[in-house]
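Taken in sequence, the protein lines are chains A and B.
In terms of our numbering, the first sequence opens at residue 1 and continues consecutively.
In terms of our numbering, the second sequence opens at residue 378 and continues consecutively.
Among the hints, a few may not be true.
Take a look, some chain B residues computed to stay more than 12 Å from chain A by CB distance [unchecked claim]:
1. THR524
2. HIS551
3. THR651
Partial chain A-side listing against chain B, Cβ under 10 Å, derived [what the hints assert, rightly or not]:
4. ASN102
5. GLU109
6. GLY111
7. GLU115
8. LEU133
9. CYS174
10. LEU242
11. ASN251
12. PHE273
13. ASP366
Across the chosen pairs, the derived CB separations fall in these ranges [stated by the list, open to error]:
14. A/ALA190 / B/PRO418: 54 to 64 Å
15. A/LYS324 / B/ASP440: 52 to 62 Å
16. B/ASP498 / A/ALA124: 35 to 45 Å
17. B/ASP498 / A/ALA190: 49 to 59 Å
18. B/ALA681 / A/GLY135: 37 to 47 Å
19. B/ALA637 / A/HIS31: 38 to 48 Å
It is worth saying that the hints were derived from the structure and are not from the lab.
Every residue gets a Cβ at the ideal spot worked out from N, C-alpha and C, and that includes glycine.
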Amino acid sequence: MIETIEDAAGAYRDVTGKAGAPLAVVKAQVHAGGRGKAGFVRLVKSVDEATQAARFMLSNRMVSPQTPPGGLEVKRLLLAAGVDIAKEFYLAVTTDRSTNRNILIASAEGGVEIEEVAKRNPAAILKEALHPLAGMHPHQARRLAYTLGFKGKTVHAAASAMQALARVYVERDCALAEINPLVLTPPTAAHPDGQVLAIDAKFNFDDNAMFRQERIKAMFDPTEENEHEMRAGKFGLNYIALEGNIGCLVNGAGLAMATMDTIKHFGGRPANFLDVGGGATEEAVTEGFRIILSDEAVKGVLVNIFGGIMRCDIIAQAIVNAAKEVGFTVPLVVRLEGTNVDAGRRLLNEARGAIPTMQAATDLADGARKVCAAVGG
Amino acid sequence: MAVLVTGSTKVICQGITGAFGALHTRGCLHYGTRMAGGVTPGKGGTKDENGLPIFDTVKAAVDATGAEATMIFVPPPFAGDAILEAIDAGLTVICAITEGVPVQDMVRVRALLDEHNRLADAGTPGLKRVTLIGPNCPGVITPGPKTGGGTGAGDPYTSSGCKIGIMPGYIHTHVSQARRGKAVGIVSRSGTLTYEAVWQTSSLGLGQSTCIGIGGDPVRGMNFVDALRLFQNDPETSGILMIGEIGGSDEEAAAAFAKASVRKPMAAFIAGRTAPPGRRMGHAGAIISGGEGGAESKIEALKAAGMVIAETPAHMGEAMAKAMGL
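Only chain B is shown next, with the shape it has when bound in the complex (with noise of 0.2 Å):
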């Protein structure tokens, strides 16, 4: 099972002439993920260096390759546009990585975004519920059981995992090859503290059902809440590890929604407890300000949901652990 996204998902990048675009493009057909091709505008018709067909819009995109999920890395200026455009052409998962989207582009890419989902739970004819992941993210994997080296497309590291983002995937463990039998799900704010995590849940002999980095902005798609919604309803997931830091008050929500409507086994870790209020620690959302978004108060408030803390990030997989009774 898992959540989101599986080994049979189809996904396209936008952007995929970039740099990065390019790089991702190859990481995630390297894992196994089965990429289906790609959107640079003015580049249609031709080929990516993996072979991949590139096309002029996602429309086009998807029409051809019959994609569900897209990863983004437009540059910051079209990235709100490139989300839009995604949500237009019917992906039902896109995950944004681009960091460095104005906030004015993102809240008005939410309220667009807020409407198309409220008339697809209407049952709007032809509109589809869409997850917006990020932006500012390192995007989702559900890890498949490792088969293959990971040297090439001929050659993938799983053949049923599904890695949409820049996240390194050796380090992700599926759960049947996990010592201890059980995966857990993985949210979190900051991209390497999820591989933080990750690493020390498949140390201590865990698996992960699906990973997902929400990013580090202040207006973004999918949120805690979601994720552990999602987490909850997922048979494979046996725990959950939520990741956040300063700034905002997602966390208190999360705890809220924790304590009323999830019962597995959950630990989380909130970094920036020694941050100076009023500065914005690397990510645009970490920021302590007008006494709000301060670590202490989201520690009480996982705490009294019933969450194991983990005081360090160091021990954020023994926290996880320790919730599974393990």
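For reference, chain A alone in the conformation it holds in the complex (with noise of 0.2 Å):
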């Protein structure tokens, strides 16, 4: 593992020397798939090529379909020896939500995208259901081996590579447990059936359990993050950022996305998804405020609640609060409903005076509307 593009020539010679071969391989190690399309995996096969990759990787930020529209800067590299293949293989867990169970997911076509070999081949990809209390049975993971063309010795160590991976689904509460690919090597004298390595692994994890699992927590990265997000995590608010120029404060996931696609009916852009979700303090709101705000590139802000849980006085009292502290000086349209909604009215006609941009909204598509007029085309 190394950090700096100066290290890079010591870690191939160190890797190749061991392994007795020039050809070796630089990845970024980035939490995001889709690398080796976007040039952040590359074999090389010298000092200067190493260097060379290091370089690209090192003072270039990687764009992929997985990572934000901005990409993600990387920081550290994986040199590894390479290794020769005759043949890749595809390993995954997940779990089936039509079925609730864990599945193991298993194709002789790796090494490539699966979603790709789904659409063109789906016959190619094996599916095991996994029992939920016992997990992968051996003769389960043997089958498949021996489905997926594995022989002699190699079986074995492929059944169980697929046993070890369906066990670390469930105990490090994973959502996605991929290696891609599992390779097969050519025959050697050592090695006459070849032998079975894991190349490349993505695991993707369960944010409900990690109040159990200290060490996957203790591996994430604040720095990979969107910091509006992480900003809005402190409070319990559940943010994402967008593209476009409206910011929405809703309470509820289902509305808050329900309201962003409104203001796309309407032909407006929403700028990000927030839902303040239903215990949010007074505090927690205005801070929701203050990281919409903070976005230079919204125009217009949208706030729409259904108190339920949620009281319409402390969203109310929190727009208040905002109004004093940073000032909306872009269009504000509220539309309040449910509990203590006279309340929240009451609140914010005595405030309308300090606040002269905002509008009030009688209904969704009413905020909506108005919302997308006054921040226009």
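Take each chain as given, in its own frame, and dock them per the hints.
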């Protein structure tokens, strides 16, 4: 593992020296896939090539379909000895929502994106349901290994990899545990059936289970996260940055998504998803407004609240606070309904003089229409 | 009629002494729900602020009160076990309100629940079929006619309604007080969108037979298909409004079921048309991944099943009315 361009040469000599062959691979260590196509996984055969690859990866942001639009900064690279490959496989464990079971997915078409294989040749993807309490039985793994075409001693090696993946998936509360590719090396004198090696892996974890996964939690790297999303998370707010110009503050995830959809329906572009949840305090909601207003792209704000647990007066007070503290220089459209709506409307009416850009909306469609008109095309 | 719960359903609260458990036990009591007690291990033998008896175990609560349903506010690390305890104690309707239960806990709970229901369906003595609603859901409500102010247990909002969960009760309308004299069943993966739909249908003069929030988690109890089946068989339900969102393929399964087996007017809304792929939109289950779970394919499937689609969440009530020919 290296962090500077200068270290690439030494690391290259080290890994190739041990392996006794000049082929090595340089891989960017970031929390996103799609690295190969983006040029962030490279095979190198000399010190110069290793240094060039390291220079490219450490001085460019990696952009792939799995990163934010601006890409991710790469801070660490892995240098490893190259491996001769006879065949590549795909292995993954995930939870299948339609059967409520964990399943192991395997394919003899590894090394490429599995979504592509699924589209092109669905029959090439094997799926095996795992027992929720017993896990993966040895015979299931063996049968899959034979079906994938493993022979001789490699059957046991491949089956072991599957069982280990299934076990770690449950023990570490993963949402996805993927080895891609799992490779079979060409036969040699020492290994007449070839060897089974995991070349690359990706793990996603269940956020809900982090309370019992201290070691996983410790690997969290805040520098790869959106700063606004981190700030919101500290206050228990669910914020996702988008690329539009209309800020949204909503209670409830479904309503927040639907509010974005409605803005789009009336020709606007949402700048964010923000669900303040049911139990948020006045302070947390005020922070939500601070985050929205600190986004320079925001040219208007829509507040859409249907109070259930969330009380409308808490939202109204947070609007008043944010107006005092930050000031709404952009148009603000507020739709309040539900618990304590009268108290909320009263608070806003009293503050009307101090918030000249504020308009009230009678319902969600009215609110979306007004904010889109205020922001303009 | 209505489905799942009625004004005579006796309900307990697991986690009754926690802040949310206490708050919503009071809310349900004020609505008119027959709250019979609660469970908090270690507090058995005491009473809550409303005078309801507290028990150490669900079994003790069921034995003493004859409860049939529960609402669970137990914190996420213990919620899976709380569901299993409720199944074990013989409760038949379990609403798990808790948000943030680990998915693997729910995978195990579902396996045990499914096994329990298989044994119950096979006629095993002493076992009754269990309906799990949630987790990460607002609960279930069968509205009753408004008869009081809802200011306290002595002045309940309704004398024959049953609210099990966190939804605001007053937005719901009983069919007897609905201008159009018809009630619809509502089933949804989102809490606040359900309130929005209830509000709109009430404003249009429709009542609600029962509203079920099935929750926003990827692995959960009841699903759209289960709710559609119940509503199809309920004589009081004249139309069905279903509110889905991105992630998974339960809406597609519901569309297939509706096409084959539902003969009532149906309308639907799907949230998340503008959600970026690969991001979890608040709900643990609301994510488009691996090219699956997008809004458009769900909308197409539901349209093909004959449902009227609400183009925006502001038009859910209108879509329902249109489907019913009103």
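Query raised in the report: Taking each numbered hint in turn, which are not upheld by the structure, reported in ascending numerical order?
Result: 3, 5 and 6
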